[in-house]
Amino acid sequence: MTSTPLKGVREHFGRGRLAVEPAKAVFINCPFDAEFEPTFDAILFSVVCCGLIPRSALESGSVAVPRMERIVRAIFSSKYSIHDLSRCRGEGSEQLARFNMPLELGIAMARRFTSRNAQQHDWLVLVPEGHGYLKFVSDLGGFDPLRHDGNIESVVPTVVSWLATRPDVDRAATPREVLAALPQFQSEKARLRQDWGERLPWSDLVLAATRIYETL
Amino acid sequence: MHVFLSYPAANQKLADRLRAELSRDGLSVSAFDAGERAGVEWRKQVEPMIRAADDILILVGPRRNPDEAQQLEWRVALQAAWQDPRKRLIPVLVRDAAPPPFVFGDYAGDDTKVIRLLDPRDVRGAAQAIRKALQRGSSDVSKPDSEEEAGGGGCDPGPKGAQSYPVMGGPRSQREGDEPPTPDSVDVGTKASYYPAIEEARQERVQKLKEFAKHLRDSQRS
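Chains as they are written, first to last, in this note's numbering: chain A, -5 to 210; chain B, 102 to 323.
The reader is advised that the hints may include incorrect statements.
Claimed, not checked - Below are the BS3-like pairs computed for lysine-lysine, each with C-alpha atoms no more than 25 Å apart in a straight line:
#1 B/LYS145 to A/LYS183
#2 B/LYS311 to A/LYS183
#3 A/LYS183 to B/LYS315
#4 B/LYS188 to B/LYS145
Bear in mind the hints are in silico, worked out from the structure with no lab data behind them.
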């Protein structure tokens, strides 16, 4: 029997009653900008449509715990992770690339060597077609990241086919089903955005996606 | 007809014998030797091989978790099946191996066969059953008249939380004439006969998600 939370004490994703079984958790390490948002939504929704729970740096947490620690905890309590390196390119007037994604990918790769066999971390790297990732992270040369053309029609089959062939997935929706239901999730997200603005809680996004998944 | 055979490294010998037996009967079979499955070059070669196949045989041993190389082949096979709805993912299960859930994700239909090798030593019998399963649109394969006959009604859900699948699948296919009946060392069912177990696992998954969602909503009200 689970206990009722103390009134006024917010429970955080991944802990206590909101603890997620690692074998059913997927950490999503992708850009959060407006341009990438459709792809991010497609990845998140694909994860849920494979019966898994998405984790992210966007989860709320105690402000007393540094963001980096929350990210590491989320990765370490997820058996799977998906990493997109689209933003590892020069941007803005200073032509700087964003390196949070490679940093978190490195944490996920290291996780693989710290976990026992049964819970060995498995990760997927996505790069856009023509992306020169090998020029700045040549160590990935032997791992053959999966490529997409930036459109959700290309991203969804890539992500779903990877998740569907993991040992912990009981049943995955087909890309056809995911793409058909995705607009419904996007509408729901837009509605939530009106209520919450830019501080939309991660848990609400996951709830919206799971409600739609239950109908598939 | 051309097929691709995906198999775990642990079943290399069985796969080699199966491939030889199928090829001897005129079937074109491609596969990648387990010892050569490494590196970017292998990845570049295996994908077109799988996409070129009409159907894909998924050999599964009793060990539940596939090796990484086979997982890659599975992923490519699934994508290939999505792109060509006629392409079938046909599980070939060794003894009590469970079919990996992804094989039910193609669009080819409920009548696609699931082949269980009750005695893997009888490779000839296995090859015979596989050849018959690959036949398309043949009227000689008897279809179940009812769900019970297909094995769906008799499915024992097994221990709670476990994925269990019927060991005995659908009715044996027989054709009077020049082909012998399916041997006793092989059991042939249809994908449809596994659906009750899959649906049960799905319902359990949905239920867990509902409970998780309830906790989420409760946490937001607190």
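We went through each hint and held it up to the structure:
no. : hint                 : verdict
1   : B/LYS145 to A/LYS183 : 38 Å, violated
2   : B/LYS311 to A/LYS183 : 19 Å, holds
3   : A/LYS183 to B/LYS315 : 19 Å, holds
4   : B/LYS188 to B/LYS145 : 21 Å, holds
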